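Novice: Make the full structure from the sequences, and use the hints.
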Amino acid sequence: MTYNFTPATNFGPRLNDLPIFDCTFTQVTREWMNFQKGYCSAYELDFARCASRVGAVNAMRDCRKYMEDMQECAYHRKSLERYKIMQAERKKQGKSYMPPPPKDSVVTWYPQIS
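Reminder that position 71 of the sequence shown reads as 71 in the working numbering, one-by-one numbering, no gaps.
Bear in mind the hints are in silico, worked out from the structure with no lab data behind them. Any given hint might turn out to be false.
Claimed, not checked - No more than 27 Å apart at the CA atoms, straight line, and that leaves these computed lysine-lysine pairs for DSS-like:
id: 1; residue 1: Lys95; residue 2: Lys84
id: 2; residue 1: Lys84; residue 2: Lys65
id: 3; residue 1: Lys95; residue 2: Lys78
id: 4; residue 1: Lys91; residue 2: Lys78
id: 5; residue 1: Lys92; residue 2: Lys78
id: 6; residue 1: Lys78; residue 2: Lys37
id: 7; residue 1: Lys65; residue 2: Lys37
id: 8; residue 1: Lys65; residue 2: Lys78
Quantities reported herein were computed from a predicted structural model and do not represent experimental measurements.
Specialist: Next comes the structure, spelled out in structure tokens:
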């Protein structure tokens, strides 16, 4: 039986990057390269639940929608692409931006408290 190693082609988390041994450094850095403490923690938990059901080999295929949701929450790639498309369409149509609101309707400064 031969095993052909193919490196990961995407920049997402690889499921076999587990620590080889457990020490103080791995305890301190366990939350550095994941989304467990941020606002994307629910998406990572959804992906982890799906990956635990199908296994590490099939996780990137069967749990792709959870991975894409987690990456969109973290990196906003689809939102930025949508913004770029909207800006290109605005430029193509030659439309200008809306006028800014009056100065007293939006507080952009904090008064000095004496």
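Novice: Now look at each hint and say whether the structure bears it out.
Specialist: Outcome of the hint check:
1. Lys95 to Lys84: holds (15 Å)
2. Lys84 to Lys65: Satisfied, since the Cα-Cα distance of roughly 23 Å is no more than 27 Å.
3. Lys95 to Lys78: Roughly 23 Å between the alpha carbons, so the hint for Lys95 and Lys78 holds.
4. Lys91 to Lys78: holds (20 Å)
5. Lys92 to Lys78: With Cα atoms ~21 Å apart, Lys92 and Lys78 stay inside 27 Å; holds.
6. Lys78 to Lys37: Roughly 23 Å between the alpha carbons, so the hint for Lys78 and Lys37 holds.
7. Lys65 to Lys37: Holds. Lys65 to Lys37 sits at ~21 Å (cutoff 27 Å).
8. Lys65 to Lys78: holds (14 Å)
In terms of the numbered hints stated before, the structure departs from none.
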